[in-house]
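Visitor: Chain order of the listed sequences is A and B.
The working numbering puts the first sequence at residues 307 to 835.
The working numbering puts the second sequence at residues 34 to 215.
If you're looking for bench data, these hints aren't it; they were derived computationally from the structure.
Positions of the beta carbon are idealized from the N, C-alpha and C atoms, including for glycine.
Don't take each hint at face value.
Stated by the list, open to error - Facing chain B, from chain A, some residues (calculated, C-beta under 7 angstroms):
1) Ile-480
2) Val-488
3) Pro-522
4) Val-523
5) Gly-526
6) Met-552
7) Ile-556
Claimed, not checked - With the Cβ distance kept under 8 angstroms, some of the chain A side facing chain B (calculated, not the full set):
8) Gln-367
9) Ala-416
10) Ile-487
11) Val-491
12) Ala-495
13) Leu-516
14) Ala-519
15) Met-545
16) His-555
17) Pro-683
18) Ala-684
What the hints assert, rightly or not - Only pairs whose alpha carbons sit at most 30 angstroms apart, straight line, appear in this in silico DSS-like list of lysine-lysine:
19) A/Lys-502 <-> B/Lys-128
20) B/Lys-128 <-> B/Lys-152
21) B/Lys-36 <-> A/Lys-834
22) A/Lys-502 <-> A/Lys-587
23) B/Lys-42 <-> A/Lys-502
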Amino acid sequence: MTAVTEDNHDSHQEHHEATGIKRWLYTTNHKDIGSMYLIFSLIMFLIGGAMAMVIRAELFQPGLQLVEPHFFNQMTTVHGLIMVFGAVMPAFVGLANWMIPMMVGAPDMALPRMNNWSFWILPFAFSILLASLFMEGGGPSFGWTFYAPLSTTYSNDNTALFVFSVHMMGMSSIMGAINVIVTIVNLRAPGMTWMKLPLFVWTWLITAFLLIAVMPVLAGTVTMVLTDKYFGTSFFDAMGGGDPVMFQHIFWFFGHPEVYIMILPAFGIISTIVPTFSRKKLFGYASMVYATSSIAFLSFIVWAHHMFTTGMPLAGELFFMYSTMLISVPTGVKVFNWVATMWRGSISFEVPMLFSIAFIVLFTIGGFSGLMLAITPADFQYHDTYFVVAHFHYVLVTGAIFSIMAGVYYWLPKWTGYMFDITLAKWHFWLSLISVNVLFFPMHFVGLAGMPRRIPDYALQFADFNAIISIGGFAFGLSQLLFVAVVYKCIKGGDKVPAKVWEGAEGLEWEVDSPAPYHTFSTPPEIKD
Amino acid sequence: MNKNGQLIKRLIIACIAMFGFAFALVPLYDVFCDVTGLNGKPNLEQAKISDTIDTSRAVDVGFITHIQGKAPFEVEANKTVITVQPGAMNKIVFKAKNISHENRVMQAVPSVSPGIAAKYMHKIECFCFNQQPLTAGESADLALLFYIDTALPKEIEELTLSYTVFDITKSGQMGSAQGASK
Numbered sequence: 307m308t309a310v311t312e313d314n315h316d317s318h319q320e321h322h323e324a325t326g327i328k329r330w331l332y333t334t335n336h337k338d339i340g341s342m343y344l345i346f347s348l349i350m351f352l353i354g355g356a357m358a359m360v361i362r363a364e365l366f367q368p369g370l371q372l373v374e375p376h377f378f379n380q381m382t383t384v385h386g387l388i389m390v391f392g393a394v395m396p397a398f399v400g401l402a403n404w405m406i407p408m409m410v411g412a413p414d415m416a417l418p419r420m421n422n423w424s425f426w427i428l429p430f431a432f433s434i435l436l437a438s439l440f441m442e443g444g445g446p447s448f449g450w451t452f453y454a455p456l457s458t459t460y461s462n463d464n465t466a467l468f469v470f471s472v473h474m475m476g477m478s479s480i481m482g483a484i485n486v487i488v489t490i491v492n493l494r495a496p497g498m499t500w501m502k503l504p505l506f507v508w509t510w511l512i513t514a515f516l517l518i519a520v521m522p523v524l525a526g527t528v529t530m531v532l533t534d535k536y537f538g539t540s541f542f543d544a545m546g547g548g549d550p551v552m553f554q555h556i557f558w559f560f561g562h563p564e565v566y567i568m569i570l571p572a573f574g575i576i577s578t579i580v581p582t583f584s585r586k587k588l589f590g591y592a593s594m595v596y597a598t599s600s601i602a603f604l605s606f607i608v609w610a611h612h613m614f615t616t617g618m619p620l621a622g623e624l625f626f627m628y629s630t631m632l633i634s635v636p637t638g639v640k641v642f643n644w645v646a647t648m649w650r651g652s653i654s655f656e657v658p659m660l661f662s663i664a665f666i667v668l669f670t671i672g673g674f675s676g677l678m679l680a681i682t683p684a685d686f687q688y689h690d691t692y693f694v695v696a697h698f699h700y701v702l703v704t705g706a707i708f709s710i711m712a713g714v715y716y717w718l719p720k721w722t723g724y725m726f727d728i729t730l731a732k733w734h735f736w737l738s739l740i741s742v743n744v745l746f747f748p749m750h751f752v753g754l755a756g757m758p759r760r761i762p763d764y765a766l767q768f769a770d771f772n773a774i775i776s777i778g779g780f781a782f783g784l785s786q787l788l789f790v791a792v793v794y795k796c797i798k799g800g801d802k803v804p805a806k807v808w809e810g811a812e813g814l815e816w817e818v819d820s821p822a823p824y825h826t827f828s829t830p831p832e833i834k835d
Numbered sequence: 034m035n036k037n038g039q040l041i042k043r044l045i046i047a048c049i050a051m052f053g054f055a056f057a058l059v060p061l062y063d064v065f066c067d068v069t070g071l072n073g074k075p076n077l078e079q080a081k082i083s084d085t086i087d088t089s090r091a092v093d094v095g096f097i098t099h100i101q102g103k104a105p106f107e108v109e110a111n112k113t114v115i116t117v118q119p120g121a122m123n124k125i126v127f128k129a130k131n132i133s134h135e136n137r138v139m140q141a142v143p144s145v146s147p148g149i150a151a152k153y154m155h156k157i158e159c160f161c162f163n164q165q166p167l168t169a170g171e172s173a174d175l176a177l178l179f180y181i182d183t184a185l186p187k188e189i190e191e192l193t194l195s196y197t198v199f200d201i202t203k204s205g206q207m208g209s210a211q212g213a214s215k
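Next comes chain B alone, as it looks inside the complex (with noise of 0.2 angstroms):
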């Protein structure tokens, strides 16, 4: 009986480490998206100016805004499409306002497609970074500054920025704007 004992005791414990690793998944899924910026989720810090520009080549830059469920929101770039070089600062004003009549926060989480480019997408200022009360029927206009990297693989002319628009004026589950990245 000491033998069977001795047995089920490891594949009772092989059966509790690989509950935990399910769990263990969810940040290693991060790591691995974060190492190989697999999953389109750009850098939410802070990036330096770029000091050099490629003039060689131009690159468009699509911008869409999703609203998340019910969230009462409309936010929308002054344009859909510009075309930019790598390297050369551009900058793009998003229209948000707050269609409900209370007050509430907003917070945009931005993904970039194709997922490749994420990595070569810098921002110096982006309304991403934060969240952004509005008041009841209040506008704001949010600033985006960016530069497309200059190593952006040669193949990849053109790329969507896409900002997922969530009210999270109840849930308070986004403590900062660094949390997006988790």
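Pulled out of the complex, with its shape left as it was, chain A reads as follows (with noise of 0.2 angstroms):
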């Protein structure tokens, strides 16, 4: 960054080194990069959805209809690797982009080129998976989590396509991951201390350190797959020597963190907005600080949990569960503190506020059904049925979706210096609402009764249960359009609206101009209080 003086700085302000693609190709600007994540991943967000959309409507009735099961199963794939690393990732990724300067006070991201890098290895890493559903035999079809051996004997040979975007995938995420720590460790405004950054930014600090420590665990599982596949290693090939199992022990040391990377950000947005609109302050917010660090550290000691059919001995079935039931206590904390925020607060019921007590409710139940999966003798009957669909989709759509999109309705009247339609935002929240849980919901029945996940056909015990449970997929699929109609609208105009968008929001991003001026905090603003 070179420095910017006071009396250059609104001249700069319109001032664009290029224009047309080049102005995105070339811009090393926090909002720009921020833009592009977010409509990137609202991009991933649909094409996912689309496949989610193949999914259900296979699945409305019994037996095979619309696709051939080796489609179906790279549906589920390719579904689950887009939602998690195209669309929840970048879209966190965005909000960061956007929000942690102006946040700390800081002139932009601390490394502006680094920034415009990871955002453009992106659209490649997922043209290079989507590339591979049209090629001779097909994308990656052995499930999101890509065991060994499904994904190394019994793959086809575009899974390298598949590791090397993965690989992609997480150069760019360890790259935004090291953006954000240095501009939170290095960029602050002078008198920001550690306990008085907003929570999004400590969120998203202990996010991106998590980052750090699995993605390069999951670019070595990857490159494991990779050498077994094609250059004769054996790490998880037992004629070689090498053990399938320890394939799950090494991908969910990676992929328990990666759950928490979907959801602690979001708990800072939550953490943000309740406040807000219940114009009190955050009900015990070093409590809450402290609650982030501990999950995260109680992250890494709990993957076997999803392991606990493979044959564990009682020992380690005995930690794994008691340690992951003690992440329901941090958890818990966190619930409670924004309950006593909202407590005797002036609440009122703005779109982002909807959202977020949707969250917290819904939230709770994908953490309440994650309690019960936790428990090793009821995990036997649990495992790999709907039930642990319908919990990972309650943290997740409910969850991590919902809390991005609280994000976005709350922060995008500053984006763009323009009210968003309420009336349809309120209907997208409604619409939405009903829907997920119509969606999900029996999700819960259908696993405890038994239906097994990743399968194109059922038994036909689930025929009703699973026709409603598509009627809610197609009407949330469909409420989402109205979400890019507002996002749309609200870009092109509608009523202006001031620095301050919500009257009960604090923060620096409350303190400039709506729309937020290209280049914000060329000067440190002066931390009150």
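Each chain sits in its own coordinate frame; assemble them with the hints.
Guide: And the structure:
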């Protein structure tokens, strides 16, 4: 970053060095890159959602109607990969890019060129992944968890494309994480002490450390799959002295922290929005910080709860059961803090607040079903059933995705300078809320009744529930088009909003104009209180 | 900028270290399983003969074989279940046949279930110690000489010894039987 002095600051605002597509290709501005990340993740959300529609259409009634089982498996696999690495994670990185510099009073991210690179890797990574679907043999079909030997012995030759696209996604995430850490550590405005950081910044800092710790492990795992498949190594092949169960240990050593990577920033967003519309300070700020850190720490010692049925010894099962249950303590602290923040607050139900309240209720349901899955003897019944599908969709859709929607509705007027169409946004909220529960709640029941996941066909007794689930799925999918419409309309125009869009909001981002100027905090702001 | 450089360097080192850690997990996993005997991988070294026999109890030992992939072998034990006394020597004969029209090399990899019992299974002689070359259509009787340790926990009343049979003719990856424990 070159230092920008006060007097050329204003003239700089509307001055972009390149125009047209080059502006976006060459940009190092955190707001441009944040917008690109968000639009990219929205596109991926729609593509991954379309795949979910294929899955639900096939499962609308028993029997094989629409797609071949092999294609169905590709849909479940790529749906998972796209939603995890293409929708949820880039959306959080986009929000981080937009908001973290503004929240800590920094002029930009600390490493703007790397920021540009880490974004522009992503379209290539996902083009490779999606292109493999159209190649001979089809795309990856071994589940997003790519367990060996499904991904080694029994996969097709397009697996190399899957491996390379995951490598690229990993590089992008790691660079994003490095950028976030360096920005938060080195570019905070004078007086912005650690315990004054907004919670979104805190949760992202911890998330970034998780990313740095586990994305390289994922890269190592896919590399082992690659060499096992193409270069004759035997990491996961018993014939050469390897062990397929070891794949699961290494994968879930990445995989469990990964689920917290997808939910900790959500905690930060909710902790920002709930106080605004309750018109109270966040209850228990310090305990939120410590709870986030403890969740991050615990996430490293619970991975084998995904593997209770692999034949672990009793001592291992007990250890992973208790350590998993322990996570509900810091998570409970957070939920109680949000409720305590709302308690006797002067609550108003603007759209971001509606999504936040839905998040608190529905994420807690997802947390409870997670607690059920943590109980080892019960897990033997739930393992690989739709109960698991219900659980992780409650924490990821009504958890992570709802928080992203809440965050977008909260900051969208700040980004565009216009208020979004509130009526349309409320329609989006209520339709999403109802349909998402029609979609995922019955999955608990078919799961408990024994319907396995990842199958294109099922026993007749699950037919009624699956028809209901599919109707909920189509309704939820269509409702998201309203979201696209709201965002599009808001970018195009609407009622002008003041700098402080929400009157109860606190934080540096509300001290700059709406829309946020191209360069903000070229001189560090003064931190009050 | 120097401040940034320092931090970036540390973070990149952390990334590379974690990438290395993923690969370090491979030997760590084996060491952990060796020490705790958790994984059902029995010791492949030849054991010494037991000098005591526990006549007070009997343990059922089952034998199963599993042909990996399309390996062209038939392998079967002459008895599926035997009742043994801990410490007493037992002999089982496996009939192995190469059903292909080519000369092949066979390797059996043992596994014990429940996994915790693996370290109480002592083999004096086992065809799994060695590679077994079988010419086209050849049959062979392969012997297993073993006893169950008297220290076997009381609650284990039956255990299963499973052999997974691999065709290692082409790969030659398994240089020695010891490689199977890696």
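Visitor: Next step is simple, just say for each hint if it's right about the structure.
Guide: Evaluated hints:
1. Ile-480: Interface hint status for A/Ile-480: holds (6 angstroms vs cutoff 7 angstroms).
2. Val-488: holds, 5 angstroms
3. Pro-522: Check passed: Cβ of A/Pro-522 comes within 4 angstroms of chain B, closer than 7 angstroms.
4. Val-523: Constraint on A/Val-523 satisfied, holds at 4 angstroms.
5. Gly-526: Constraint on A/Gly-526 satisfied, holds at 3 angstroms.
6. Met-552: With a closest approach of 5 angstroms, the A/Met-552 hint holds.
7. Ile-556: Holds. Min distance 5 angstroms.
8. Gln-367: violated, 36 angstroms
9. Ala-416: A/Ala-416 check passes; min Cβ-Cβ to chain B is 6 angstroms, inside 8 angstroms.
10. Ile-487: OK, holds: A/Ile-487 within 8 angstroms of chain B, min 6 angstroms.
11. Val-491: holds, 6 angstroms
12. Ala-495: Constraint on A/Ala-495 not satisfied, violated at 15 angstroms.
13. Leu-516: This interface hint is violated because 11 angstroms lies over the 8 angstroms limit.
14. Ala-519: Nearest chain B Cβ about 6 angstroms off; hint holds.
15. Met-545: Holds, because the Cβ-Cβ distance from A/Met-545 to chain B comes to roughly 4 angstroms (cut-off 8 angstroms).
16. His-555: Holds - the Cβ of A/His-555 comes within 8 angstroms of chain B, reaching about 6 angstroms at its closest.
17. Pro-683: violated, 16 angstroms
18. Ala-684: violated, 21 angstroms
19. A/Lys-502 <-> B/Lys-128: The hint is violated at about 74 angstroms.
20. B/Lys-128 <-> B/Lys-152: holds, 25 angstroms
21. B/Lys-36 <-> A/Lys-834: Roughly 26 angstroms separates the two Cα atoms, so the pair holds.
22. A/Lys-502 <-> A/Lys-587: Answer holds: A/Lys-502 to A/Lys-587 is near 13 angstroms, not above 30 angstroms.
23. B/Lys-42 <-> A/Lys-502: holds, 27 angstroms
In the structure shown, a violation is registered for the earlier hints numbered 8, 12, 13, 17, 18, 19, in ascending order.
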